[in-house]
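Engineer: Letter by letter, the chains look like this.
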Amino acid sequence: MKKLLLIIIVVFSCTNIYTQKEGSLTIENIETPNSPAFMLLDKAPSSIERPNSTKAFALSLINSLENNTELPKNYAVEFTPFWFFKNKEMTALKYLGYDKNYNQNYFNGLKMFSISMAFINTPDSITNQEISNISIGIRANIISIRHKEDSKFVKKEYDKAVKNLKAINEGMPILDLEAEDQQKAKKEYDQKLQEYLNALDNIDSISKLSEIQNKRLLFALDGAIAYNSFFTENDFSSNRFGRFGAWLTANYSYKNNENTYLNIYATGRYLRDGTAIVNDEYIRQDFYDVGGKLEFEYKKLSLSYEYLYRIADSEDTYRSNGVLKYKINDKISLTGSFGKNFGDNDNLISLLGINWGFLTGEEKTVLK
Amino acid sequence: MKRVYEIGNDINQISCAVKIGTVGIAYTVVYLARSGGQWSQIKESSTNNGNIRSFLVGKAIDLRDSYLVIRTIIDFSTIGENLWDEQKNNIVARYNLKGGLLGDQSYNHDTDDITSSSNGKIVVITKPIKLI
Numbered sequence: 001m002k003k004l005l006l007i008i009i010v011v012f013s014c015t016n017i018y019t020q021k022e023g024s025l026t027i028e029n030i031e032t033p034n035s036p037a038f039m040l041l042d043k044a045p046s047s048i049e050r051p052n053s054t055k056a057f058a059l060s061l062i063n064s065l066e067n068n069t070e071l072p073k074n075y076a077v078e079f080t081p082f083w084f085f086k087n088k089e090m091t092a093l094k095y096l097g098y099d100k101n102y103n104q105n106y107f108n109g110l111k112m113f114s115i116s117m118a119f120i121n122t123p124d125s126i127t128n129q130e131i132s133n134i135s136i137g138i139r140a141n142i143i144s145i146r147h148k149e150d151s152k153f154v155k156k157e158y159d160k161a162v163k164n165l166k167a168i169n170e171g172m173p174i175l176d177l178e179a180e181d182q183q184k185a186k187k188e189y190d191q192k193l194q195e196y197l198n199a200l201d202n203i204d205s206i207s208k209l210s211e212i213q214n215k216r217l218l219f220a221l222d223g224a225i226a227y228n229s230f231f232t233e234n235d236f237s238s239n240r241f242g243r244f245g246a247w248l249t250a251n252y253s254y255k256n257n258e259n260t261y262l263n264i265y266a267t268g269r270y271l272r273d274g275t276a277i278v279n280d281e282y283i284r285q286d287f288y289d290v291g292g293k294l295e296f297e298y299k300k301l302s303l304s305y306e307y308l309y310r311i312a313d314s315e316d317t318y319r320s321n322g323v324l325k326y327k328i329n330d331k332i333s334l335t336g337s338f339g340k341n342f343g344d345n346d347n348l349i350s351l352l353g354i355n356w357g358f359l360t361g362e363e364k365t366v367l368k
Numbered sequence: 001m002k003r004v005y006e007i008g009n010d011i012n013q014i015s016c017a018v019k020i021g022t023v024g025i026a027y028t029v030v031y032l033a034r035s036g037g038q039w040s041q042i043k044e045s046s047t048n049n050g051n052i053r054s055f056l057v058g059k060a061i062d063l064r065d066s067y068l069v070i071r072t073i074i075d076f077s078t079i080g081e082n083l084w085d086e087q088k089n090n091i092v093a094r095y096n097l098k099g100g101l102l103g104d105q106s107y108n109h110d111t112d113d114i115t116s117s118s119n120g121k122i123v124v125i126t127k128p129i130k131l132i
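Heads up: the protein sequence lines correspond to chains A and B, in order.
When the letters of the first sequence are read in order and numbered with the working numbering, they come out as residues 1 to 368.
When the letters of the second sequence are read in order and numbered with the working numbering, they come out as residues 1 to 132.
No wet-lab data here; the hints were simulated from the structure.
In this text the structure is predicted, and so the values were computed from the model without any measurement.
There's no promise every hint is true.
Said to hold, decoys possible - Within a straight-line C-alpha distance of at most 25 Å, the following computed SDA-like cross-link-like pairs (lysine to any residue) qualify: (1) A:K163 <-> B:I114; (2) A:K208 <-> B:R64; (3) A:K192 <-> B:F55; (4) A:K88 <-> B:S54.
To be verified - Stretch by stretch, here's where chain B covers chain A in the computed footprint (C-beta under 8 Å, at least three residues): (5) 218 to 227; (6) 299 to 305.
The beta-carbon is built from N, C-alpha and C at its ideal position, and this holds for glycine as well.
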């Protein structure tokens, strides 16, 4: 109950930011946590992820399974600036990553970059003091190559949609431009047009173009960069550099059939860490992480194992963990992760990221 | 909102162009509405987008007191349902007229030119421009 109360408070506070643009925040804007701001601090369920959100705004909540009696202390917000600005050169095909001849633009994902900010509280492993972390991150898809059949799918569905628009246009009412009372004529036209368009709502969507966003890419190269500062003893002046990281992830997706995929990831990451204490002094260390992930997807379930080897100034270490994801529906999914994190101390990964829409089932709850 | 473009009463050629910016699939049709309620379609967009390159509408003397009605229909089936409503506010529609007494003139669409289906998937922009 306490958790639910906190979630409501957090969602409401975010609504204040979001309503400046949109007027409402729906529960479907809450996502499982894989933003770079979380990943930088090794607090994400997985260290190897692809940017998968096309949402304008998303909120992530995360809690450790060990602390399941406490309120969640870690939050991240992520937004995609693309959705907040007008673009006079934008077309549907450009947005989908194709030119007018249906040739794919491999760098199309760059414009959909997202910015994330995370607030993470962790206890210091030595003093057990509470450390407040704030991190900011940017991620983007740098290269994306789709399966050949996807181009055919886009062409077919796009042509169908244009044909449909022509047919819609033919049945539209006509505005009486010669009426003496122009205001009344406009009102009547708007009303007839509204009724005509509402009738179209009952017809099943003829075009299925949005499905292309959910189709797995044949190959993708993604990049992310993140920076973190931390505070101790709840004191603003204690602000210190925490971490800086930049990483690239390549992903190849083997499609067995529409429901079964085998995804292979390879990643490389540079990390500068300033959180370690030696002789009561914070020191800075450089890490280079290399590793990979094998993911098996079947329908709504995905199982993966990832391994990252860290080359450090002092002693090399590794992270090894398994991730289980279950997509309850298009808007709701559940992510769990268990394994060993980097280092020898405090290295248990036991995370559960819940899309809190789970609490409301299929219901669409609008908080205003 | 109705707009007015002064074309004069000479043999000068009037041209029109339409530029649409949206992530949705757009289709634009330009009608010439003459007195008597007669609407004739004079141009439509290509299949690639809702844009119409500059084209000749006719001589000013023949067009006087008629209307150009530019209608753009946008289908947001390219994006998720959660974005339909907000992307309606990010549509760019620019209408350019040339050759009249006002010279090169650009108009944007107005809020009251927009009508959308109740779920927000289909959006229609109707812009009437009176030629005087």
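Engineer: Does each hint fit the structure? Answer for all of them.
Structural biologist: For each hint, the structure was consulted:
A distance of roughly 21 Å separates the Cα atoms of K163 of chain A and I114 of chain B; the hinted pair therefore holds under the 25 Å criterion. The suggested pairing of K208 of chain A with R64 of chain B is violated, with an alpha-carbon distance near 44 Å, which exceeds 25 Å. Between K192 of chain A and F55 of chain B the CA atoms are separated by roughly 31 Å; this puts the pair beyond 25 Å, and the hint is violated. The straight-line distance between the Cα atoms of K88 of chain A and S54 of chain B is roughly 16 Å, inside the 25 Å bound, and the hint therefore holds.
Requiring three or more residues with a Cβ within less than 8 Å of a Cβ of chain B, the coverage given for the stretch 218 to 227 of chain A is violated, as only 0 such residues are present. With a threshold of 8 Å between beta carbons, the proposed coverage of the stretch 299 to 305 of chain A by chain B is violated, since 0 of its residues qualify and at least three are required.
The structure fails to meet hints 2, 3, 5 and 6 from the earlier list, while all remaining hints are met.
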